[in-house]
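Just so you know, the protein sequences line up as chains L and C, in that order. So in this note's numbering, the last spot in the first sequence is 139, and the numbers never skip. So in this note's numbering, the last spot in the second sequence is 431, and the numbers never skip.
It should be emphasised that the hints constitute simulated quantities derived from the structure, not laboratory data. Certain hints may be false.
What the hints assert, rightly or not - In silico lysine-lysine, PhoX-like type, Cα no more than 25 angstroms apart, as pairs:
id: 1; chain 1: C; residue 1: Lys158; chain 2: L; residue 2: Lys88
id: 2; chain 1: C; residue 1: Lys371; chain 2: C; residue 2: Lys386
id: 3; chain 1: C; residue 1: Lys351; chain 2: C; residue 2: Lys337
id: 4; chain 1: L; residue 1: Lys86; chain 2: C; residue 2: Lys158
id: 5; chain 1: L; residue 1: Lys106; chain 2: C; residue 2: Lys70
id: 6; chain 1: C; residue 1: Lys386; chain 2: L; residue 2: Lys45
id: 7; chain 1: C; residue 1: Lys386; chain 2: C; residue 2: Lys414
id: 8; chain 1: L; residue 1: Lys69; chain 2: C; residue 2: Lys70
id: 9; chain 1: C; residue 1: Lys277; chain 2: C; residue 2: Lys366
id: 10; chain 1: L; residue 1: Lys69; chain 2: C; residue 2: Lys76
id: 11; chain 1: C; residue 1: Lys275; chain 2: C; residue 2: Lys414
id: 12; chain 1: C; residue 1: Lys414; chain 2: C; residue 2: Lys371
id: 13; chain 1: C; residue 1: Lys366; chain 2: C; residue 2: Lys386
id: 14; chain 1: L; residue 1: Lys45; chain 2: C; residue 2: Lys418
id: 15; chain 1: C; residue 1: Lys76; chain 2: L; residue 2: Lys106
id: 16; chain 1: C; residue 1: Lys95; chain 2: C; residue 2: Lys2
id: 17; chain 1: L; residue 1: Lys86; chain 2: C; residue 2: Lys60
id: 18; chain 1: L; residue 1: Lys2; chain 2: L; residue 2: Lys88
id: 19; chain 1: C; residue 1: Lys60; chain 2: L; residue 2: Lys59
id: 20; chain 1: C; residue 1: Lys277; chain 2: C; residue 2: Lys95
id: 21; chain 1: C; residue 1: Lys371; chain 2: L; residue 2: Lys45
id: 22; chain 1: L; residue 1: Lys94; chain 2: L; residue 2: Lys59
id: 23; chain 1: L; residue 1: Lys106; chain 2: C; residue 2: Lys60
id: 24; chain 1: L; residue 1: Lys88; chain 2: L; residue 2: Lys3
id: 25; chain 1: L; residue 1: Lys94; chain 2: C; residue 2: Lys158
id: 26; chain 1: L; residue 1: Lys69; chain 2: L; residue 2: Lys94
id: 27; chain 1: C; residue 1: Lys95; chain 2: C; residue 2: Lys321
id: 28; chain 1: L; residue 1: Lys94; chain 2: L; residue 2: Lys106
id: 29; chain 1: C; residue 1: Lys60; chain 2: L; residue 2: Lys45
id: 30; chain 1: L; residue 1: Lys2; chain 2: L; residue 2: Lys45
id: 31; chain 1: C; residue 1: Lys321; chain 2: C; residue 2: Lys354
id: 32; chain 1: C; residue 1: Lys371; chain 2: C; residue 2: Lys418
Claimed, not checked - With the C-beta cut set under 10 angstroms, the calculated list includes, among others, these residues of chain C facing chain L:
id: 33; residue: Ala40
id: 34; residue: Arg197
id: 35; residue: Val200
Said to hold, decoys possible - A few chain C positions that, by computed beta-carbon distances, are all more than 10 angstroms from chain L:
id: 36; residue: Lys2
id: 37; residue: Val5
id: 38; residue: Glu90
id: 39; residue: Gly132
id: 40; residue: Gln136
Bear in mind the structure is a predicted one, so any value in this text is a computation, not a measurement. Don't be surprised by glycine CBs; every beta carbon is placed ideally from N, CA and C.
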Amino acid sequence: MKKTFTCIVCPVSCRITVEAQGDEQNREQGEKPVEALQVSGNACKNGYHYAINEYTLPKRSITTTVAVKQGLLRRLPVVSDREIPKSKIMECMKALYTIEVAAPIKRGDIIAENICNTGANILASSDGASPDGAWHATY
Amino acid sequence: MKHMVIDIAVIGGGPAGMAAALEANRLGAKNVVILERDFALGGILPQCIHDGFGLLTYGKNMTGSGYAQKDIDEIKNTDIQVLLNTMVLEITEEKTIFACNSQDGIIEMQCGTIILAMGCRERTAGQIMLQGYRPQGVITAGSVQRYINIEGYLPGTKAVILGSGDIGLIMARRMTLEGIEVVGVYEVMPYPGGLTRNIVQCLEDFDIPLHLSHAVTNVNGKHSLEGLTVMELDGSGKPVAGTEVYIECDLLVLAVGLIPENELSSGVNVALDPKTKGPILDDDYMTSVSGIFAAGNVSVVFDLVDYVSQSGRIAANGAVKYINGQLPENPEFREVKCGGNINFVVPQRIKCSKEDKDITLFMRVKEPAQKAVLVCSGINGEISRKRHNAVVPPEMLSCSVCVPGSGDIEIGIKESVKKSVEKDIVECKEL
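All chains should be built: construct the whole structure from the sequences, respecting the hints.
As structure tokens, then:
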């Protein structure tokens, strides 16, 4: 199967095409060894690696908010500590919709471990609005 | 009235203001205060829950909220004073600040120096002369971001986004992940306004279509938004008859530009640059009013927070030199000129000096170009040249140079291959 990507590594934004060669085409995507893929359109090695990754197993980081109680606000921003397969994003989002944490929270606290078996942990991005005396005005 | 005497007052507690206060503190300034109108420090960053921040400053890919938290944690360990929920009403040429909050009432603050770090506001429906009714449901992208990420509300169920700048693209993804249906992004220009990274990760990833050369020509719904009309635009930006498409939706997200917030600056007659919409700055980021400095988005709209923090540190260095009497009283200036394909450059002028000096220039190109050579020249000829694979307007360039003590400086793109705009249009139609 042939796929085209816009590389995001630098502002040249090459359009790179990746195609499986020969009888490798019949194997399921994601199982193809790197040597069996033909890559064209990239101006440099960075684009080559980017396109291979996007073709075989595209990954993204997750950033969202979860419900928080006993804080000054209702939402706490969270981030995954590594990228997860793109195909698992909505499943992870649905799992995060059900989580509620309690303030006080510190940046880096683990909110959820190994979310949806991806190996990624979800961490607090900031302290959120944990009540903290003079640092959050309530007047 | 509460009276305060302060050495360095920073107006705005976002990344520019926090970096400025921290740098002033690091340089030994004792009496530093940040005045922030919101209930917490961070500026716009706490609602920027996405990543891409801090790569240059810390070598790490952080979220905006994480980047702000790092500065806040550092400030907590200093004796920098922070006034929250405090609105600055007016500043004077004698560097007096009038501010207010509900705890102290009116505050009169006499300052040794002021650093302006008020950031930007968003362009509104009225400013783009959006036609039709004015119902509830027409909201700027930053406000939608605040509703969803900070306040915890979804402002609609089915959205159209007008404008393809980065904020619009980021919100396309954010809304989709929270269950708001995003019908499409409509952009009046024939090319996208944001970074390709965001076109890919915010639109392509979610099959959200991008319609270039389109505008919203009518908004329908008396009290609440019910729908809107989009039309294609011709080469001169006029709607093409017969291309009307009515879209039912309850949320119109406006991502149509940022405007540096210079109400306070205008009030004290700080000279503004019509190209940047911010104060004209010298190499210490001092404005045309002696002892008043500016940093961050209030001076020019940046795209990397790392550069914003850097600008805060430059202004703080200037402010500390100023209160220590180390800056010349009535200096002579030379200009920094925009050469080929450069839209604007900050700072706009440099003080003359006996010796060479190191300065950092921030600029944007007018048009995309590949294999571009950025050349800085002065009175003695070429000072530096740097080759860029590609340069695009949404990506600000930074250039550190050592310039001679006198004579105008020019920065421009000398050689390049013009990036084909038609190629970009075809690529976007493929989305």
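These are the hints, each one checked on the structure:
no., hint, result
1, Lys158(C) <-> Lys88(L), "holds, 24 angstroms"
2, Lys371(C) <-> Lys386(C), "holds, 10 angstroms"
3, Lys351(C) <-> Lys337(C), "holds, 14 angstroms"
4, Lys86(L) <-> Lys158(C), "holds, 23 angstroms"
5, Lys106(L) <-> Lys70(C), "holds, 11 angstroms"
6, Lys386(C) <-> Lys45(L), "holds, 21 angstroms"
7, Lys386(C) <-> Lys414(C), "holds, 10 angstroms"
8, Lys69(L) <-> Lys70(C), "holds, 23 angstroms"
9, Lys277(C) <-> Lys366(C), "holds, 16 angstroms"
10, Lys69(L) <-> Lys76(C), "holds, 24 angstroms"
11, Lys275(C) <-> Lys414(C), "holds, 21 angstroms"
12, Lys414(C) <-> Lys371(C), "holds, 10 angstroms"
13, Lys366(C) <-> Lys386(C), "holds, 18 angstroms"
14, Lys45(L) <-> Lys418(C), "holds, 23 angstroms"
15, Lys76(C) <-> Lys106(L), "holds, 14 angstroms"
16, Lys95(C) <-> Lys2(C), "holds, 16 angstroms"
17, Lys86(L) <-> Lys60(C), "holds, 21 angstroms"
18, Lys2(L) <-> Lys88(L), "holds, 22 angstroms"
19, Lys60(C) <-> Lys59(L), "holds, 18 angstroms"
20, Lys277(C) <-> Lys95(C), "holds, 22 angstroms"
21, Lys371(C) <-> Lys45(L), "holds, 17 angstroms"
22, Lys94(L) <-> Lys59(L), "holds, 18 angstroms"
23, Lys106(L) <-> Lys60(C), "holds, 18 angstroms"
24, Lys88(L) <-> Lys3(L), "holds, 20 angstroms"
25, Lys94(L) <-> Lys158(C), "holds, 19 angstroms"
26, Lys69(L) <-> Lys94(L), "holds, 19 angstroms"
27, Lys95(C) <-> Lys321(C), "holds, 16 angstroms"
28, Lys94(L) <-> Lys106(L), "holds, 23 angstroms"
29, Lys60(C) <-> Lys45(L), "holds, 22 angstroms"
30, Lys2(L) <-> Lys45(L), "holds, 20 angstroms"
31, Lys321(C) <-> Lys354(C), "holds, 17 angstroms"
32, Lys371(C) <-> Lys418(C), "holds, 9 angstroms"
33, Ala40, "holds, 5 angstroms"
34, Arg197, "holds, 4 angstroms"
35, Val200, "holds, 5 angstroms"
36, Lys2, "holds, 14 angstroms"
37, Val5, "holds, 21 angstroms"
38, Glu90, "holds, 21 angstroms"
39, Gly132, "holds, 32 angstroms"
40, Gln136, "holds, 21 angstroms"
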